[in-house]
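Novice: Which chain is which? The protein sequence lines are A and B, in order. Position one of the first sequence corresponds to residue 96 (this note's numbering), numbered consecutively onward. Position one of the second sequence corresponds to residue 96 (this note's numbering), numbered consecutively onward.
To be clear, the hints were calculated from the coordinates, so they are not data collected in a lab. Be a bit skeptical, because a hint or two may be false.
It does not matter which identical chain is used: a pair holds within one copy or between any two.
[Said to hold, decoys possible] Dumping the calculated BS3-like pairs for lysine-lysine here, alpha-carbon to alpha-carbon at most 30 Å: (1) Lys261 <-> Lys108; (2) Lys230 <-> Lys261; (3) Lys108 <-> Lys266; (4) Lys230 <-> Lys266.
A quick note: this is a predicted structure, and the numbers were derived from the prediction, not measured.
Now for the letters of each chain:
There are 2 protein chains.
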Amino acid sequence: MPNSSPGSSTPPKAAVLRGLEPRDRETLALLLQGTEMFYAAEIAVAMELIDLGLTPGGGGYEFAVAAAANDPEGRAVGYACFGLNPMSDGVFDLYWIAVDRRAQGSGVGRALLTHVESVVAGRGGRSVMIETGGKASYAPTRAFYLACGYREVARLLDFFRVGDDKLMYEKRLSS
Amino acid sequence: MPNSSPGSSTPPKAAVLRGLEPRDRETLALLLQGTEMFYAAEIAVAMELIDLGLTPGGGGYEFAVAAAANDPEGRAVGYACFGLNPMSDGVFDLYWIAVDRRAQGSGVGRALLTHVESVVAGRGGRSVMIETGGKASYAPTRAFYLACGYREVARLLDFFRVGDDKLMYEKRLSS
């Protein structure tokens with residue numbers, strides 16, 4: 096069924112979505128480094144969550160992996176990590192989303208985010224929240240969230256460092 | 096040296112501050128239940144942090160315990176749990192603060208919070224952040240933070256449950 100809401104159309108089959116697999120570990124480590132968006136300490140945290148995601152139980156962290164639709168081997172070109180905020184009865188946090196630098200702008204990020212929202216909605220979740228940074232290098236990231244229907248709900252001045260704010264975005268899911 | 100800033104005077108010697116000790120565990124469990132402010136799941140989390148605080152290393156959770164100034168046995172009548180937010184270079188989160196119901200209104204909470212701020216400032220911390228709830232039963236808690244110089248910096252509507260917002264308060268510490 097076509098989705099007619101403005102701003103939420105996706106390119107046809109930008110990506111195939113699947114679960115996290117052990118073979119993704121190395122691919123995602125290289126992918127995270129290749130984006131040149133994250134500090135080493137941030138990548139270390141991202142990899143800890145990936146390792147948790149590969150462990151039975153998973154500690155409440157859920158994953159969606161995107162592979163290029165035209166890649167028969169289904170190699171990861173992006174992923175998202177999310178989970179229910181344990182203090183809330185229906186707010187899910189998007190902990191991480193990253194797309195291979197070479198695949199950026201091709202709809203992979205949007206496909207991942209739309210998939211996460213579907214999973215969350217199917218689980219009875221009310222909204223998805225995202226925390227990100229206010230610095231200039233994150234401008235494309237913020238524009239992406241806004242284009243995907245998220246709105247800024249909080250801005251914590253100087254949170255990460257003086258002059259580097261924390262921004263919080265939210266999208267309410269229709270039930 | 097007297098503190099002349101408005102609203103920050105404390106009653107003389109409301110409490111003696113000290114570190115967390117193993118004997119506090121049972122006292123604090125009863126204290127948390129006695130406040131009738133927390134859900135069982137919240138108390139379970141608070142006790143997990145207390146157990147971490149009693150473990151060498153402590154996982155980044157720091158504690159201040161208040162005892163009544165006139166109690167020779169120094170029994171805990173309140174405590175605070177706080178720590179550096181690992182994403183920030185100088186923002187400390189106040190994870191928990193609770194005062195024995197029978198000691199509320201006697202300046203113990205303010206003494207605890209002032210002490211936490213001193214420790215944070217001495218550690219080079221820039222600010223203290225507190226998350227709390229927007230529901231009516233938390234009105235005295237919110238009034239307490241405002242009276243202690245905190246200001247609301249974010250309000251996440253319906254965060255905990257529909258109609259139950261999450262509020263974030265911050266106090267910038269002068270360096």
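Novice: With reference to the structure, classify each hint as holding or not holding.
Specialist: Right, here's what the structure says about each hint:
1. Neither within a single protomer nor between protomers do Lys261 and Lys108 lie at most 30 Å apart by alpha-carbon distance, with minima of 33 Å and 38 Å respectively.
2. Taking the closest pair of Cα atoms, Lys230 and Lys261 come within 30 Å of each other both inside a single copy (9 Å) and across two copies (25 Å).
3. Taking CA atoms no more than 30 Å apart as the test, Lys108 paired with Lys266 passes inside one copy only; the shortest distance there is 23 Å, against 48 Å between copies.
4. Within a single copy, Lys230 and Lys266 get their C-alpha atoms as close as 21 Å, and across copies as close as 22 Å, so both meet the 30 Å cut-off.
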